[in-house]
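Q: Below are the chains, spelled out letter by letter.
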Amino acid sequence: MKYVLPVVGTVAAVSLFAITTANQAALAVEKPSYSDTFEQLDLFADVMARVRSDYVVEVEDGELIEDAINGMLQSLDPHSSYVNPEDFQRLQEQTSGRYVGVGMEVTQEDGYVKVVAPIDGSPAKEAGIESGDFITEINGETVLGLSLTEAVNIIRGKAGEEVTLTIARVDEEPRDITLERREVNREVVSYEIMDGVPYIRISQFNEKAAPGLEGAIAELRREMGRSLPGLVLDLRSNPGGLLTESIKVSSVFLDGGKVVSTRGRDATEQQNYSAEAGQLLDGVPVVVLIDEASASASEIVAGAIQDRGRGIVLGMTSFGKGSVQSLIPLRGGRDGALRLTTQRYYTPDGRSIQGTGIDPDLFVSAYPDDGEDHSRPSESDLPNSIENEDTAPEEGVTDAVEDSVDDIMIDYPPEGFEVTDDYQLQRAIELIRTGDYTQRLAELQN
Amino acid sequence: MAGLAGVSILAAGLAHSVWAAPTPDDAAYDKLRILAGIMAVVDEEYVEPVETQALIESAMNGALSRLDPHSAYIPPTTFTEQRKAARREYGGLGIEVVMEEGYIKISYALEEGPAYAAGIRSGDFITAVEGESVRDKTLDEAVEGIRGLAGDPVNVTVLTPEEGTREVTVMRQQVRGRAIRHRVEDGLGYVIIESFNNDRLTDDLRRAIELLQEELGGPLPGLIIDLRGNRGGLLTQSVSVSGLFLDGGEVLSVRGREDRDTERYHAEYGELLPDVPIVVIVSPGSASAAEILAGALQDRGRAVVIGRRTFGKGSVQSVVPLPGNRGALRLTTQKYYTPSGKSIQGRGIMPDLLVSAFDDTGELRRRFREDSLPNALTNADRSEYEEDYEAVIYPPEEFPRDEDFQLSQAIDVLKSDRHATLLAAQSDLD
Chain A
1 MKYVLPVVGT VAAVSLFAIT TANQAALAVE KPSYSDTFEQ LDLFADVMAR VRSDYVVEVE
61 DGELIEDAIN GMLQSLDPHS SYVNPEDFQR LQEQTSGRYV GVGMEVTQED GYVKVVAPID
121 GSPAKEAGIE SGDFITEING ETVLGLSLTE AVNIIRGKAG EEVTLTIARV DEEPRDITLE
181 RREVNREVVS YEIMDGVPYI RISQFNEKAA PGLEGAIAEL RREMGRSLPG LVLDLRSNPG
241 GLLTESIKVS SVFLDGGKVV STRGRDATEQ QNYSAEAGQL LDGVPVVVLI DEASASASEI
301 VAGAIQDRGR GIVLGMTSFG KGSVQSLIPL RGGRDGALRL TTQRYYTPDG RSIQGTGIDP
361 DLFVSAYPDD GEDHSRPSES DLPNSIENED TAPEEGVTDA VEDSVDDIMI DYPPEGFEVT
421 DDYQLQRAIE LIRTGDYTQR LAELQN
Chain B
1 MAGLAGVSIL AAGLAHSVWA APTPDDAAYD KLRILAGIMA VVDEEYVEPV ETQALIESAM
61 NGALSRLDPH SAYIPPTTFT EQRKAARREY GGLGIEVVME EGYIKISYAL EEGPAYAAGI
121 RSGDFITAVE GESVRDKTLD EAVEGIRGLA GDPVNVTVLT PEEGTREVTV MRQQVRGRAI
181 RHRVEDGLGY VIIESFNNDR LTDDLRRAIE LLQEELGGPL PGLIIDLRGN RGGLLTQSVS
241 VSGLFLDGGE VLSVRGREDR DTERYHAEYG ELLPDVPIVV IVSPGSASAA EILAGALQDR
301 GRAVVIGRRT FGKGSVQSVV PLPGNRGALR LTTQKYYTPS GKSIQGRGIM PDLLVSAFDD
361 TGELRRRFRE DSLPNALTNA DRSEYEEDYE AVIYPPEEFP RDEDFQLSQA IDVLKSDRHA
421 TLLAAQSDLD
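In the order they appear, the protein sequences are chains A and B.
First residue of the first sequence? That's 1 in this note's numbering, and the numbers climb one at a time after it.
First residue of the second sequence? That's 1 in this note's numbering, and the numbers climb one at a time after it.
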């Protein structure tokens, strides 16, 4: 049984989904090897019985156990969660990446909902919600104590209905913003010609990403002729999406060969994903833009292009989500599904980016070096995030890592440069226009 | 929320015998099946090996923390440690110390402690430990050298003012710590109760009051009980401490799920300090058992409460050991009510006199109280219960920053007719 998963804006901050088949065998709890599980379940049942009989007010058993399930999965990592039958049903219906909501990627921090990025063309974007904003209240009710899924479910609703979010921003008074929910169905690929250089932005890896990219290249060729002078591929604030799309997008730039490999608990069970033979953009210089909010599938694409020497990665170190979640239906979906971290992925050179992210070849900051903290949360900042097995603390090694961090040269915008003028993009365009690209790429490969 | 463990009022484990097998309804059974299914999948498919025990612990805490912030599962090892901590025993000399003029000053020597037996008394100084001067050390560093394994001797240089120094070797012992501090302040008795999580607190307090009377050479002209930052502790201790200052009558009542489950706690007859005026100082960090004491003395018209509105934790947790050394369950089983029948859950105790410890900076300080905790139990009494900010007394500009303004106000209340006025105002409200 296969489920095609949409990339739903508000469900999980940054998700990379593998399409999975249901492993019904795993659900056979009657297996004798689960005696430990039974013992633990016995303890659980005892505790629940106590709560039922002695708690200061009456409690609903079903809710209690659902809270237990969420508590259990949250303790694993920030990306594992339970999808109840109704939500699972909805997920299956949404094969196109469409959903009704306000259109933003969110995560949870300090108990509040934090905006990772608003989706282009969505009500959230139009209302001026920015990445890094905190949502402290929904319809006047605090979000404290809600799980991310619960908060998201309240934000979502029927098209045409309104929802009021209280937005807190550092150094600003909290304010209420009322948004009208609608179907969020924007194109995930946009393109433009900037100073004679083709520019393509992929904002998310749903099923429209690869076709959208191919379409944009066709349009650019129609406008500029068959041989493009170069391409700036913007993956900034792209939270990721489908694993399959990241491979298709990488294929546009690579002529066969490794893109990514995934590994489960058993390291021998490695799965390799390769690019299709033949590349659409043979010989065209490529600069990939990434930033702290480029996650998951974005990091696969940037990592593959970097490791394969196919282009220059420019910007800031990416988010660092190097794990793959599978959506595993429970009892054929009648009990909902489990979104579970089942694999890590590795770049063609075998690097894991879990918790570390992709370092760009050229560090270019969007913000001036004004001593203010412009950093955004990364995977390693999330509660219970999985550690990178490559950087497991070892005596002496940590020091070396810190030293190398000090050596990083960051290209900051000059004084007086407007952040809205997009310094990173300007540097990328310059790289292609001035012909420095070839030299820099050669330097990087040495 | 392990960090909040200190807030709990711990009633002794309920002696219920409801270990019947779970008989969940159908919906719960379905959910339980889902949970079991998820555990099996996680066990087999998760990217890393997972301990089943850790999984079920997070599951239990996931459920319990949604009930309220004080209910939790306590794993076996933590449970054992907590039981030890309630007895607060550590190896040392049985002295309470402060740093004064670069030396360690003994503020109190426990009479049953080894230092006391070696002739060290309150008011003495320790100038060196094992021949090494304590000058230029922080209090923590200095005390570090004094503490050690019980049975190991330690050599200290003791200075008794106007007598000179001498070397004393003291054998370290297991010493029970006090949860209180006492001293004479401006001719008045002053006791700080740091915690109610000490099963000999009432005895210690009674003894501290005797010592204060000895020091003052007669009955106390007034007593200040400082409960600032006291996060609570044992319910039984809050009742017996309240009983020291009340002549019989109700201290508090606790109520479970059913109203008929109400239990009432009464003070013993005869009070320790009849006619001695009492001021209780509270802060937003005063919680639970501290609120019971402040509430009882206020409701019964026995003391004037000053400071800021308290934390507002009006629920009682029972610690139920799970058979077979499987840890324990800390579960909210009751709410408690002050003698006038008010629940302090989410509301706290409102002082008779609002006194701020800090300058009026013009900004509203965000205070961390029970009702700011996620999933806190709500209070049925939803009437307005906010501090009257206009009425708050702030330290005047010339007041020295390193002095305690709330304490100085407490002294002033006891030494002026304000005490009588404030007590009279209390009864007007009833």
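Think of the hints as simulated: they come from the structure by calculation, not from any bench.
All figures in this text were calculated on a predicted structure; none of them were measured in a lab.
Each residue gets a CB set at the ideal place from its N, CA and C atoms; glycine is no exception.
Careful: at least some of the hints might be erroneous.
As the list claims (entries may be wrong) - Simulated restraints, written as ranges between beta carbons of each label pair:
| # | chain 1 | residue 1 | chain 2 | residue 2 | range |
| --- | --- | --- | --- | --- | --- |
| 1 | B | R257 | A | G145 | 19 to 27 Å |
| 2 | B | P161 | A | G145 | 17 to 25 Å |
| 3 | B | E112 | A | E173 | 38 to 46 Å |
| 4 | B | G218 | A | V170 | 35 to 43 Å |
| 5 | B | P161 | A | D370 | 56 to 64 Å |
| 6 | B | E144 | A | E109 | 52 to 60 Å |
| 7 | B | A150 | A | D266 | 13 to 21 Å |
| 8 | A | E126 | B | Y394 | 24 to 32 Å |
| 9 | B | P321 | A | E109 | 48 to 56 Å |
| 10 | A | A168 | B | K342 | 55 to 63 Å |
| 11 | B | Y394 | A | D370 | 31 to 39 Å |
| 12 | A | G145 | B | P321 | 44 to 52 Å |
| 13 | B | G341 | A | E173 | 50 to 58 Å |
| 14 | B | S372 | A | G128 | 45 to 53 Å |
Q: Can you give the numbers of the hints that this structure goes against, from lowest to highest?
A: Checked against the structure, the hints that fail are numbers 2, 3, 4, 6, 7, 8, 9, 10, 12, 13 and 14, while the rest are satisfied.
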